[in-house]
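Chemist: All chains, full assembly: derive it from the sequences and hints.
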Amino acid sequence: MMIKKALFVFVLLLLLVGIAAAQDATPEATPAEATTEATLIEATAEATSIAPTAEATSVKATAEATTELTAEATSEATSEATAEATPAVRFKAAGSYTVRQQVADLTRQYIVHVPQKYFDDKKSVPLVLMLHGASGTGQGMEAFTGFDKLSDKEGFIVAYPDAINTAWNDGRGDDASVIDDVGYLEHIIDSVAAKADIDRKRVYAAGYSRGGMMAYLLGCVLPDKIAAVVSVSSTFPIYEFDQCKDSVPKPVMIIQGTDDPIVPWMGIQSAYFSATDSLRFWGKHNQCSILGPIKDSADINPLDGTRLLTQEAVKCKQPVILYGVFHGGHTWPGHPVQTDTNLGLTSLDFDASVTIWEFFKAQSLPS
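Numbering of the sequence shown is given in our numbering, commencing with residue 8 and proceeding in unit increments.
Keep in mind the hints are simulated off the structure, nothing from the lab. Any given hint could be a false lead.
What follows is a set of in silico ranges between Cβ atoms, one per label pair, in the way DEER data are often shown [stated by the list, open to error]:
1) Asn172 with His334: 18 to 26 angstroms
2) Gln108 with Ser184: 20 to 28 angstroms
3) Asp306 with Lys99: 40 to 48 angstroms
4) Val96 with Ser277: 29 to 37 angstroms
5) Asp127 with Asp253: 38 to 46 angstroms
6) Ser184 with Lys208: 28 to 36 angstroms
7) Gln345 with Lys156: 19 to 27 angstroms
8) Asp253 with Lys368: 26 to 34 angstroms
9) Leu113 with Lys322: 29 to 37 angstroms
10) Ser304 with Ser277: 14 to 22 angstroms
Cβ coordinates follow ideal geometry from the N, Cα and C atoms, glycine included.
Modeler: Dropping the structure here:
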């Protein structure tokens, strides 16, 4: 048993640090963290020097629009109150509001959930932006992430915006590139703040798949607005490198499955970094000294077919952590849903939504 366990953990360690693909790598591309204590690979100003080589697949970037979780794949949003709100109206009761506005000559919409604790405690509260994946909706994010329940328990406000044609302009240069989604999401922060007392130092962005890539971008280009970022099923996009390389350090959490069929753990050449390269990029960006040891978490639910491992960059200006879900798919841990597309396994060893909020609530913009 001891030998089997040791072999199992050894295999997991190899996968997380990306050594599995090292046989085909050049010496320069070999991962530096073969041990549990490892020096961060130096990043240069050129995106190609950080882009995954040994850890990247040779396939081209695929369109995830037809395979991500959609509102139709989830249950109806379980809000207790739904109402039309206008920019001039303050929230007067707990519940979920649908806000429709003209922004840059486009009709835009977001759902915002206001907890009862906001009215009971009578103080400014954090705001969380939850960004859906391609082909998804804000309503879908509200339904399957369970963030409304967290909002009610913890007392923060959460907004679920809709992208135009269900795809965020995260800088990749496709059809969505004509839409100013950074400006729109910045507008939502101001819009919610006009209706409620928001703690401007505690505004956070989290997203699933393409929404996670949009969250990365917000953290880079709105450094004085976004206090921390979390991505789920989305490694760091190479096409965002230039916009992020000179931005201020920012708290970042990455939650990624090793068997994700849409955004592969090993990355996609010229499109997305691998999960471990994403950790290295943000570690370098946040001026961290080393990568800490890989930690094997307890297998809370052995029947789910997954296992959680974590790795942090340490001695940092701002925290960076990777949650690696061994055998996990393009899914949101703790919240399985039924879809027509095989997105892989959903971990039940932890609740991504709870983990995200625990990370967020410890972060704030500097005074």
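Chemist: Can you give the numbers of the hints that this structure goes against, from lowest to highest?
Modeler: 1, 4, 9, 10
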